[in-house]
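Q: Protein chains in written order, with the numbering used here: chain A, 88 to 531; chain B, 77 to 282; chain C, 5 to 188.
Among these hints, one or two may not hold up.
[Unchecked claim] Simulated pairs of lysine-lysine, DSBU-like, Cα-Cα distance not exceeding 30 Å:
(1) A:319 with A:353
(2) B:256 with A:414
(3) C:99 with C:149
(4) A:353 with B:159
(5) C:53 with C:149
(6) A:302 with C:53
(7) C:53 with A:305
(8) A:305 with A:353
(9) B:159 with A:451
The hints are simulated quantities; they were obtained by calculation from the structure and are not laboratory data.
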Amino acid sequence: MSFDPYASSRETTEGRVYSVTGGDWDELSTEIGATKEERVVVNMGPQHPSTHGVLRLILELEGETVTEARCGIGYLHTGIEKNTEYRTWTQGVTYVTRMDYLAPIFNETAYCMSVEKLLGITDQIPERAQVIRVMMMELNRISSHMVCFGTGGLELGALTPIFFAFRDRETVLDIFEEVSGLRMNMAYIRPGGVAQDVPADAVSRIREACRDMRKSFKDNETLLVGNSIWMKRTKDVGYLDLAGCMTLGVTGPILRAAGMPWDLRKSQPYSGYENYNFDVITTDTSDAYGRFLVRLGELEQSLRIIEQCCDFLDKLNGAPVMVADKKIAWPAQLSVSADGMGNSLAHIREIMGESMEALIHHFKIVTEGFRVPAGQAYAAVESPRGETGVHTVSDGGTRPYRVHFREPSFNNLQSTAAMCEGGMIADVISAVASIDPVMGGVDR
Amino acid sequence: MFGVNGSGDTSGFGGLVRVGSSSGSSERPYGSYFDEIADDLERAYPEFNDAIEAVVVQNGELTLHVNREKLEDVARILRDNPKLQFEMCLGVSGVHYPDQTGRELHAVYPLLSMTHNRRLRLEVSVPDSDPHIPTLVEVWAGNNWHERETFDMFGIIFDGHAGLTRILMPDDWAGHPQRKDYPLGGIPVEFHGATVPAPSERRSYR
Amino acid sequence: MGLEEKLPSGIMLTTVEKLAGYIRKTSLWPASFGLACCAIEMMATTTAKYDLSRFGMEVFRGSPRQADLMIVAGRLSNKMAPVLRQIYDQMAGPKWVLAMGACASSGGMFNNYAIVQGVDHIVPVDIYLPGCPPRPEMLIDAIIKLHEQISDTKLGSNRAQIIREVEAAALAAKPVHQITGLLA
Ligand code: SF4
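Given these sequences and hints, build the entire structure.
A: And the structure:
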């Protein structure tokens, strides 16, 4: 083979290895065509436009059929679990929110629920804080599913869904920004409640946004549901039935698309989910199209829950959003001023000018944090991808001893092999997109 | 001026006294559905007293401390017995307790029974010098990657696992990063010829 | 590396510099190098609300061969670092690197064993963009600043002169972790 800058080759003990990096591969295909070898091992990623992040897929092909599929992960391993051990319990929220970066609120809530369990204050969380948590989680579910549709479509070559999806995502992010000050990675849910109350006029704005979104969700729906190209790319692709899901510990939309109505919000309600009316969406096709339909249905259910939250918030106007126990509650209140979100001036005036005790208290809680009784706890929430579980261990100190996340993306990605082997190489993309792994969650 | 040096504490305050967590056994009645689980397991598994080292009820959760030799038997019964039916194992979480001599490394398995809507936790502890635990991939296939992760981060060797290799760190990485004796940072960056000082050694933290 | 490198410094070179700078800045092709949370904001920048196509840059190339701007969006782990370098090497020059977000610029909040403390350990960075994650408007701002920088790029002997000066200054500078004062 003559020298080709895009495709060089070398001999190894495993056989001949070709490196191709884009461009014209004519020579490579001619040469492979000339050999008797039918089996080719293709490495896809970790930097590939259609692998949903820094995922590496190692595919063994016979012609266009995938005979073996393996995932290489860890390219985004961030050591977050170790980092939390060096910060206070409250600061831990700031780290865990960056794990599954499409579902920050779910990570925060799960983490805070486990800390609250350790503290034994699960039933002292004020009702308004619970409602705000539920509302933020459901908004977050919408924004996360939107990215799934957008990038999933992009990976299958459909450009339009991402524009509709990100338009709706922006609507949600605007609400997030108004409520928490940040579009992503908010660190808004805190042990004991939430960082601050929702602004006074936000509720009406959220109602309005729900009305708008209910209409604008139709765009993607009419574009994709029943679309013959979309159906051909996703129907009967990435098949994983109920038995497969159970063996592999798969949860979330994949499990519900296999016909099992398992949703922690219904089966093991937390944060007051038992007070809301909503349905668990299922399909029984067990394929990528079914998962798409489940996610689509969940959008509407999320809107329903958000609207009920708005009603609750109206009723609970002025109620506290942090536990009453001052030894745990975060002392500072945030507020928006000319240069953005920051400590409220009223609070700063109090601690700096009026009360020495308040200053000492603020200093102790903010720098040293609160002590958490020794022990371990596990708390789980239903994130957009399945069960996000947090195992926290405390040794009685002001910092976590160990925080471990059971990430649904990490677990569900294991099913790639079961979904892809025996199928065509083009279907690998659909299958992985329908798992909707977020590499930040997979690798943590 | 601020903080302490040498403890790896980068939070700027330091000086914390850590008390080791205790794992004394709880007394019956355990409350909730926990007694039923214990009874059913005892009935289904005659060697219950040998296998279960301690039963701990804490924060509304039931933990069974299992002897590692019996782990696989216990797991199979928990999965297959119609009264128990824990169909799902939600992974493995390693914990390193350097102070608990003889049982430094713990592996924690959260189990979930969808049929009965119950949760349970298994905990296995092994000494650092002999960090072997039988694999549960045969029982719950979904544990495959979770066990690889725990091996990667803590160095617990899961005997019988078909491909126990590193999963998150590069294959040639030395050490198991989430153990307590592993520093938070300060790993030399091999691509530049320069080193990055450990966070606790950096100027702003002193 | 064409004719412009041979030109003597003077009016001719500065004219070619201006022309080349204008052409380069207006035909920038970003390579998609999304790593973590910042990548989602990078994607948001290309969509309807922020509309990066106003600057003719909305199409992210999948192949580094076809790109000349690498937006490193997210935290770079030690495992990913060699991959990043390989992709950078595959890009044809002239090429630029934008470190998007706190993590890419400095390691951000992850001062630990897994994360490279700033991509400038691996590749030369032309512009750093702070924020966690930076808003789409900030990314657009950084890109416009980079455009200015590109259109002011010197060529040939003028460039050689600048490189010499910068290198001399860098060699004389003290490494950050050796700087004392303030608190220590
Ligand atoms: S800078 Fe912040 S948003 Fe960007 S990758 Fe790092 S943690 Fe994520």
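Q: Are the hints correct? Go through all of them and say.
A: Cross-check of the supplied hints:
Taken as a hint, the residue 319 of chain A and residue 353 of chain A pair is broken in the structure, with Cα atoms around 33 Å apart against an allowance of 30 Å. Between residue 256 of chain B and residue 414 of chain A the CA atoms are separated by roughly 29 Å; this keeps the pair inside 30 Å, and the hint holds. Between residue 99 of chain C and residue 149 of chain C, the direct Cα distance comes to roughly 15 Å. Compliance with the 30 Å bound is thereby established for this hinted pair. Using a Cα cut-off of 30 Å, the hinted pair residue 353 of chain A and residue 159 of chain B holds, with the two alpha carbons roughly 22 Å apart.
At most 30 Å may separate the alpha-carbon atoms for a hinted pair to count; residue 53 of chain C and residue 149 of chain C meet this at roughly 21 Å. Of the pairs offered as hints, the one joining residue 302 of chain A and residue 53 of chain C holds, with about 18 Å between alpha carbons and a cut-off of 30 Å not exceeded. Our distance criterion of 30 Å between C-alpha atoms is met by residue 53 of chain C and residue 305 of chain A, whose separation comes to about 19 Å. For the hint pairing residue 305 of chain A with residue 353 of chain A, the CA-to-CA distance comes to about 26 Å; that is within 30 Å, so the pair holds.
Taking the CA atoms of residue 159 of chain B and residue 451 of chain A, the gap is about 50 Å. The hint is violated against a cut of 30 Å.
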